[in-house]
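Participant: These are the residues of each chain, in order.
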Amino acid sequence: MNLLLATITDWHSFFFYLFAAITCAFALAVLFSNHIVHMAFYLVISLGASAGLFILAGAEFVGAMQLLIYVGGTLVLLIFGVMLTAQERFISMKTRGGEWVMGALVGGAVLVLLVRTAFGVDDWSRPRPHPEEVSPIASQTATQLGLALLGIRPDASDHADPRLRQGMSGYLLLFEIASVHLLIVLIGAAYLARTKRFHPAYADAPALRHERSPKRRGRLATLWTMLWLVVDISALATLVYVMARRDLTEDLLAQMGAPRWLLTVSLFLTALHIICLIALLNWQRWAFSGLVVMAAVFVVVNSTALGLVPGLATAAAQALSLFVLYGLLKIGGAQSMWAQLE
Amino acid sequence: MGHFFNDIFGITEHVWLGHTIAALIKCAILLNIVAVGALFFIWLERKVSGRIQDRLGPTRVGGRFGWLQTIADGIKLLAKEDLTPAQADALLFRVAPYISFAASFAAYLALPFSNGWVAWELNVAVFFILAVVGLEVFGVILAGYASGSKWSLFGAMREAAQVVSYEVPLGLCVVVPVLLCGTLNLITIANMQAGLFTNWLVFHDPFTFCIFWVYFTCATASVNRAPFDLAEAESELVAGFHTEYSGLRWSFFFMAEYGSMFAVSGLAAILFFGGWNGPIPIFHWLGWANSETWILRETANLFGALNFIFKAVLGVTLMMWARWTLPRLRIDQVMTTCLKYCVPLAAMGFLGVIAWQYLGLWSPNDIYLNRIAKPFEHRSEVREQWRAEQEAANRDGASASAQTTKSSGGRPIFATVSAAAEGNKGGVQ
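Here the protein sequences come in this chain order: A and B. Quick note on our numbering: the first sequence kicks off at 841 and runs consecutively. Quick note on our numbering: the second sequence kicks off at -17 and runs consecutively.
Just so you know, the hints here were simulated from the structure itself, not pulled from any lab data. Source: prediction; values computed, not measured. Beta carbons are placed, not taken as given, at the ideal position from N, Cα and C, and that holds for glycine. Just to be clear, a hint being listed does not mean it is correct.
As the list claims (entries may be wrong) - So the derived list for chain A, only partly shown, Cβ under 10 Å to chain B, looks like this: (1) 851; (2) 878; (3) 906; (4) 1012; (5) 1014.
Could you put the whole structure together from the sequences, leaning on the hints where they help?
Facilitator: Set out below in structure tokens:
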């Protein structure tokens, strides 16, 4: 016990290790638990401990935010998402193999990104100062944060660009985008939660849907879609890896002569493309039009960013793939997958 | 405080020891305030309910007023068996009361009792307390779910819907004093209301007066007190979320409830009723409140703390009065009260206060200070810097009273904002 106290000479380090251990331990507990209410409980503790880490770092406003939004939000999730809607089979969840692989892919990609970014912070590579030499940080007010959200940045007043110096470096636009986004979510929630009126025309619609025969997948079309999905996912993983490594990003962009926004846009588009493919596998007819639109967007992006020849190559590749997919979907006449799409 | 103990005991090698002692003392004091407060409030609740229902309440244990009744109850609860129903989710069932109590207790960390008498002086104290008080419902929901009983689940569901809804108007009401004072720091907010009681924010203008009552309604609902105690509605749900609890675990829910009642009342006292500033600023007139001498200053602070506790207890008593007077609302009435009355009232009050500030209309304190002629200049001060400037003034030896500091210190809000926009780095701290 004495040895432990000797290594942790100050309470700050002790609480840092304590909160970090709680955060990680309960995050793992979320992963390995099968009971959904237990999961939510562990998640709340994990998030609460990370609020403790924020407060320990002197960011008390962010810590309180974490408590109010994430811990409180998980609470609402627990109540309305789980306890009101879940059936017995959802209360105890068995994770299947595919879900583990998918989770590992997504989590691993985010981990790579975070680790690269975190170790890119210059302060971390300096030697750690002695605890006695560190002056305690005065408690920060949230004024600067509030002003920055309104577009005023007193701390950026010595910026070289005069437009940025006059407050254009603030976050007003992002703030407004987030507000509008939340408003849309609110309206959507109200729409979903409103009382459903009984309408005679739809009275027997659920029964009809029930009697419909199970759908048959065409093997070739499914295979082609899955292949495309694999290509997309590996492209996504590559993009995330490249974006996580700053040196690699610079090299690659310089070689291709591409602007910086290409990576971000590609990441976003690839994610949308994956969603469209998954929707197609779930019998959504709009997904095919989505794929066509995405192909057009890919062509436009590539020809703008890289020039005419790569643009034309993209156009050819996308057109070919879509044409093959359309043909495969159409195989089988009245029994084809195309006819079964909703 | 940690350095203080290090100096006393001559600790030089292990600095953490002094901090440990300081932290333990603060924890012990706060735990005692919550626990002893709960003992007192349960006794008070019995006496108040007895008086309202035309009976005596407890009279025997501990002498004339039955003032040891709660301790007798506590011993009884200690002796009871700690039951866990067979249907219960054992882990969550056991842990739920502690979560409720911990959330309620955490609010006291940032709640100042007098000028500088706070366990953790936090710049965003208002926000922190709101965030933490909202977490108390987590324990209630877990208790309701984990009990494995339909009564408990119903109680928890009602509580969840109620608390989630009432956090919206509660937040809107709390923003108003923050808007008037320009800070989230509770100590600064209370210090700005020093002076005669006309300077309390509740008397600032008619809108703040209305806002206080909306705040009080929402606070009553958010700590789950009658007429909003649907979660434990004993006429319908046996005892709601704590139906299956017994013994000490059960009493933890009650400590949490009385703890957060005191916390939200204390918050109301600081935000609207001047905190530790009495109605007549005796200690300011004597010059003790800002005195250089430690003993005079802390004496003033001690009376300030008594002031604060008196105001908070008054708030708790008001909640008890409401509980034993009003019938319980139905769930739809609770929702209507929140969404159709409290939210619009709070929003209108918020806009009204902004308009009052912007137009520079007079408030009672202007009459007292004879400042009606030019209230606008006074009103358009941003008071963020108030405390620092007061301290600077004190250091300079100017024994100015709070009112004069307030009228002369501070800076115009529009000037600050435009200065910041022009790139004045020191403009806003």
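Participant: Each hint: holds or not?
Facilitator: Comparing the hints with the structure gives:
1. Checking residue 851(A) against chain B by beta carbon gives a least distance of about 5 Å; that is within 10 Å, so the hint holds.
2. For residue 878(A), the interface hint holds, since its Cβ comes within 10 Å of a Cβ in chain B; the closest pair sits about 7 Å apart.
3. For residue 906(A), the suggested interface contact is upheld, since its CB lies about 9 Å from the closest CB of chain B, less than 10 Å.
4. For the restraint placing residue 1012(A) at the interface with chain B, the shortest Cβ-Cβ distance is roughly 12 Å, beyond the 10 Å limit, so the hint is violated.
5. Residue-level restraint check for residue 1014(A) is violated (minimum Cβ-Cβ distance to chain B is 18 Å; threshold 10 Å).
When each numbered hint is compared with the structure, violations occur for hints 4, 5.
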